[in-house]
Amino acid sequence: MNERLLTIDVSSLDGAMQRMKAAFNGRAASSARYSFCSHQDLLRMLSPSRWAIIEALTGAGPLGVRELARRVGRDVKGVHTDAQTLALCGLIDKTDEGKLSFPYNTIHVDFLLKAA
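Residue numbering for the sequence shown is -14 to 101, as defined by our numbering.
None of these hints come from the bench; they were simulated from the model. Positions of the beta carbon are idealized from the N, C-alpha and C atoms, including for glycine. All clues given are correct.
Straight-line distance between alpha carbons at most 20 Å, and here's what the computed SDA-like set of lysine to any residue pairs gives:
(1) K79 x L(-9)
(2) K84 x G49
(3) K99 x R29
(4) K79 x V61
(5) K62 x L31
(6) K6 x A17
(7) K79 x R(-11)
(8) K6 x D(-6)
(9) K6 x R18
(10) K84 x A37
(11) K79 x I39
(12) K84 x V50
(13) K6 x S16
(14) K62 x A41
(15) K99 x H24
(16) K84 x C74
(17) K62 x W36
(18) K62 x A72
(19) K84 x A54
(20) K6 x F21
Label pairs and their calculated CB-CB ranges:
(21) N(-13) x A7: 20 to 26 Å
(22) E52 x A100: 42 to 48 Å
(23) L97 x T43: 20 to 26 Å
(24) G0 x C74: 15 to 21 Å
(25) P33 x Q3: 29 to 35 Å
(26) E(-12) x T66: 26 to 32 Å
Work the whole structure out from these sequences, hints included.
In structure tokens form, the structure reads like this:
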């Protein structure tokens, strides 16, 4: 299986702008990246229930909400609500058939926490 890596990190706006400039200048990153402005935003968006959805979708191909709910051991309505949130922020995709998709089979989460 070909590795499709997503790096989830915390990055300043300046850091994200530098990566965008590099990409526009033909120096594309070696993997896809999804950045949050703060570790609080990352932890708020990737709650344990939402992280379980991402874990279940990682490498699985498109899944319907009912199958996804079965895999994470939750009710369909709750999974649907969390999946909608993840789709709206761009972390997961919806197919034309309404299934949920996460096109990566590897995730790397990276952030640094320093004393104030």
